[in-house]
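Visitor: Listed below are the residues making up each chain.
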Amino acid sequence: MKKMVLIALSLVSVSAFAAGYGSSGCGLGSMLIEKDNTWWKQVLAATTNGISGNQTFGISSGTLNCDSPTPGKTAQVEAYIEANRMALANDIARGNGETISGLSKVYGCENTADFGKALKNNYRTIFPTAEVTTNTMASEITNVASGVCSTNL
Amino acid sequence: MAPGIFLGAFISAASAAPGPSDQRWLNLVHYKKNLWGQWRSQADGENFFLHPQGKKSPVHEYERTKELFDQNNTEAICRFPARYLYLSGVNPLQQCKEYREFVEKLNPKSISLIFSSYFINSPASAFGHTFLRVNSSKHTDPESSKADLLDYGINYAAQMDSDNVLIYATKSMLGLFPGTFTAMPFYYKVREYNDFESRDLWEYQLQFTQEQIDMMVAHMWELGQTFFDYKFFTENCSYHILGILEVGDPSLRLTEALPSLYVIPVDTVRLLFDEPKLVGGFKFRPSVLTKLKYSTKDFSFEKKSQILSWVADPQKMISELKSLSLQDQATSIDATLDAFDFINAQELVHGPKEVKELRHQIATERALVDVITTEKVPAPNHTPQAAHRSQRIGLSYGELEGEKLLRLQMRFALHDLLDPLPGQPQFSEIEFAGLNLRLQNEKQAQTLELDRLDLFRVSSFEPVTAFQKDFSWTARLGLRSIQDRGCVDCMAGHVELGGGASVAPQGSLSFISLLSKLELDYTGAFAGSGRALLGPEVWARLAEWDKLSMLLKSGYKWGTQFDQVKFGQGLFTHSLELRYHGTQSSSLSLKGEVFDEQRQSLEVGLLHFF
Chain G
378 MKKMVLIALS
388 LVSVSAFAAG
398 YGSSGCGLGS
408 MLIEKDNTWW
418 KQVLAATTNG
428 ISGNQTFGIS
438 SGTLNCDSPT
448 PGKTAQVEAY
458 IEANRMALAN
468 DIARGNGETI
478 SGLSKVYGCE
488 NTADFGKALK
498 NNYRTIFPTA
508 EVTTNTMASE
518 ITNVASGVCS
528 TNL
Chain A
47 MAPGIFLGAF
57 ISAASAAPGP
67 SDQRWLNLVH
77 YKKNLWGQWR
87 SQADGENFFL
97 HPQGKKSPVH
107 EYERTKELFD
117 QNNTEAICRF
127 PARYLYLSGV
137 NPLQQCKEYR
147 EFVEKLNPKS
157 ISLIFSSYFI
167 NSPASAFGHT
177 FLRVNSSKHT
187 DPESSKADLL
197 DYGINYAAQM
207 DSDNVLIYAT
217 KSMLGLFPGT
227 FTAMPFYYKV
237 REYNDFESRD
247 LWEYQLQFTQ
257 EQIDMMVAHM
267 WELGQTFFDY
277 KFFTENCSYH
287 ILGILEVGDP
297 SLRLTEALPS
307 LYVIPVDTVR
317 LLFDEPKLVG
327 GFKFRPSVLT
337 KLKYSTKDFS
347 FEKKSQILSW
357 VADPQKMISE
367 LKSLSLQDQA
377 TSIDATLDAF
387 DFINAQELVH
397 GPKEVKELRH
407 QIATERALVD
417 VITTEKVPAP
427 NHTPQAAHRS
437 QRIGLSYGEL
447 EGEKLLRLQM
457 RFALHDLLDP
467 LPGQPQFSEI
477 EFAGLNLRLQ
487 NEKQAQTLEL
497 DRLDLFRVSS
507 FEPVTAFQKD
517 FSWTARLGLR
527 SIQDRGCVDC
537 MAGHVELGGG
547 ASVAPQGSLS
557 FISLLSKLEL
567 DYTGAFAGSG
577 RALLGPEVWA
587 RLAEWDKLSM
597 LLKSGYKWGT
607 QFDQVKFGQG
617 LFTHSLELRY
627 HGTQSSSLSL
637 KGEVFDEQRQ
647 SLEVGLLHFF
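So the sequences go chain by chain: G and A. According to my numbering, the first sequence is numbered sequentially starting from 378. According to my numbering, the second sequence is numbered sequentially starting from 47.
Calculated directly from the structure, the hints in this document are not laboratory data. Backbone N, C-alpha and C define an ideal beta-carbon position, used for all residues, glycine too. Incorrect hints may appear among the rest.
[As the list claims (entries may be wrong)] Calculated cross-link-like contacts (lysine-lysine; reagent style DSS-like; alpha-carbon spacing at most 27 Å): (1) Lys143/A <-> Lys112/A; (2) Lys402/A <-> Lys515/A; (3) Lys637/A <-> Lys339/A; (4) Lys329/A <-> Lys494/G; (5) Lys323/A <-> Lys339/A; (6) Lys450/A <-> Lys599/A; (7) Lys350/A <-> Lys155/A; (8) Lys329/A <-> Lys339/A; (9) Lys494/G <-> Lys368/A; (10) Lys422/A <-> Lys350/A; (11) Lys343/A <-> Lys329/A; (12) Lys422/A <-> Lys482/G; (13) Lys339/A <-> Lys368/A; (14) Lys482/G <-> Lys637/A; (15) Lys339/A <-> Lys422/A; (16) Lys349/A <-> Lys482/G; (17) Lys494/G <-> Lys402/A; (18) Lys343/A <-> Lys399/A; (19) Lys563/A <-> Lys515/A; (20) Lys155/A <-> Lys482/G; (21) Lys362/A <-> Lys350/A; (22) Lys422/A <-> Lys494/G; (23) Lys343/A <-> Lys362/A; (24) Lys482/G <-> Lys329/A; (25) Lys603/A <-> Lys637/A; (26) Lys323/A <-> Lys349/A; (27) Lys402/A <-> Lys368/A; (28) Lys102/A <-> Lys217/A; (29) Lys593/A <-> Lys350/A; (30) Lys143/A <-> Lys482/G.
[As the list claims (entries may be wrong)] On the chain A side, residues computed to face chain G include the following (Cβ under 7 Å): (31) Leu81; (32) Trp85; (33) Tyr234; (34) Glu421.
Produce the entire structure from the sequences given, and follow the hints as far as they go.
Guide: Encoded structure:
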């Protein structure tokens, strides 16, 4: 657990001190955050850091891979799919949801409901295994989108 | 219609002459007066100033900025586009490529303030967190909410360089961590708060003109390259977020309205509502726990147990689903997915492959069921803006063992188990700097005595449910005047620690908790300079009505002086308190307490939140 925090911290500080937002493309990355409910850590957190609203044990680290230059649309889609992987699996399995609306905008889909339905029907090609790569997911989703949306990707 | 009048007012406000003492300039460089009435910028990065005296001198900084801008110094202009926009009226997008790319990426059309509420069993998070979201669509656009995952969050946070708890605590108290602004896609924050930490998000749409939004975004660019010493109590996330809003609209007086000792994020949300027409509306984004509670709200205990068994064994789910109707299959698997995501929130990010594999089986099965989920989790009635204020003062009158007494109490923050629940953690309490004084007639003389001083008191009584197995606990540190027969009216350093479990009726805010509790009193009045008390306690809260709450605590303790090994005779302690929340900011209290068989008190009082 300590290791996790250290990784998160090093990533956060690297990205944060990288000369403002200028160089930050903000790419892929899993969220390395530790939530620890051990009571004594809570007490300590409460007495030192509580008011900050910035949890000791809930460090945010969204801006990973920020040294990549302004990414193209494909990279953006992949970053989105990677970060939202779990939520996307839920929404696609259900045929509706916010992450689908987001994709819909990226692909310029007129009809989000149809897009959602089509994604649901193709669930097994988009998520063939638990370990499917982001790249595969992205290209399968693009395939679905090209059938339903007037995509310009 | 009188557009002329409106336009006239707008022009006069926008064209007030720029100058070093103009509020807009002071806001842009974050100048505030210190205790001696001197200007100091709160920014701590040297590169935030163009003049060597810039941190201390609004005039020098203004003149140097103007000079460099007059020379058309691209480096200065592109580092400070908001200052340039302010001084020249031109947004230097043409001239500054990186800044232009930043603005294009954000595509700012509107601004929202996002409040992240507490997470369960974590009283420390009760204070919440705030950040901004720059929206690429207008709030009035019906499509706006659809793709806000893709918008950008602007977050201010301390950059911590240590995971050692003690170093961390020390440095945070002393303000030794630099605080920086970061921009990241909003979906990262949603995944972090909603899914990983299971915290609800509240999104407040703020009403700004496009000019004001452009100014704020230009200023965000300026802030991105500097840092502020992170002051955990005052200049924290919420404080600096308000500072950005003031750059957009200098007529807002937000940071000034904040208490000077500390800034609590939930208080800043309420502050937004004090400004007329600033908040245009709000949206609720449920956490994975809120989703789970909603999707299982009509389920029996048996059904919940079944869902829980499916989470562990998706193959069992697949075989048992067959007997259900198509619609029931869909709602059952939806609930299973929600339960899975809540229970395995950490493992899904850090855990072994097997966890992802199990989840994959459940989701795949859901995709096969030809029903589309359209239901949305509604926003709760209890909003953060309805939360009671953090500071509380109280006055009560009563009797302690036949003696009349007047009690004065003051608490700096934040919430106890009997305070009004809207917008606050439902099963937690967190109190800082609680002071309690007694004015009493003793032996014909008036005495004012310290009764209690709590440095902190933190408790969590999250009830055990089918899906949540949280441990209940309470901790307290401070001074107290002992009232039992062990040593009446002796002042002692006091520590309390308790742990146990709580249960509550489904959907209810009432709970009952069984704890085992240890109390330590350090005072010279005891041989061996202290004593320990140990024993069971029952806490029961009744909170079935919005206006009324009741808390009963009952316990039995065996005690010992520190130099004795054997625990002596026990103490029965009981207390019962009733609160009636008459108005938004005040409550009536009635409290009876039994310190031991011989010593009791009864008091009636008034509490006021401010």
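Visitor: So which of the earlier hints does this model not fit?
Guide: Going through the list in order, the structure violates hints 3, 5, 7, 14, 16, 18, 26, 29, 31, 32, 34 and respects the others.
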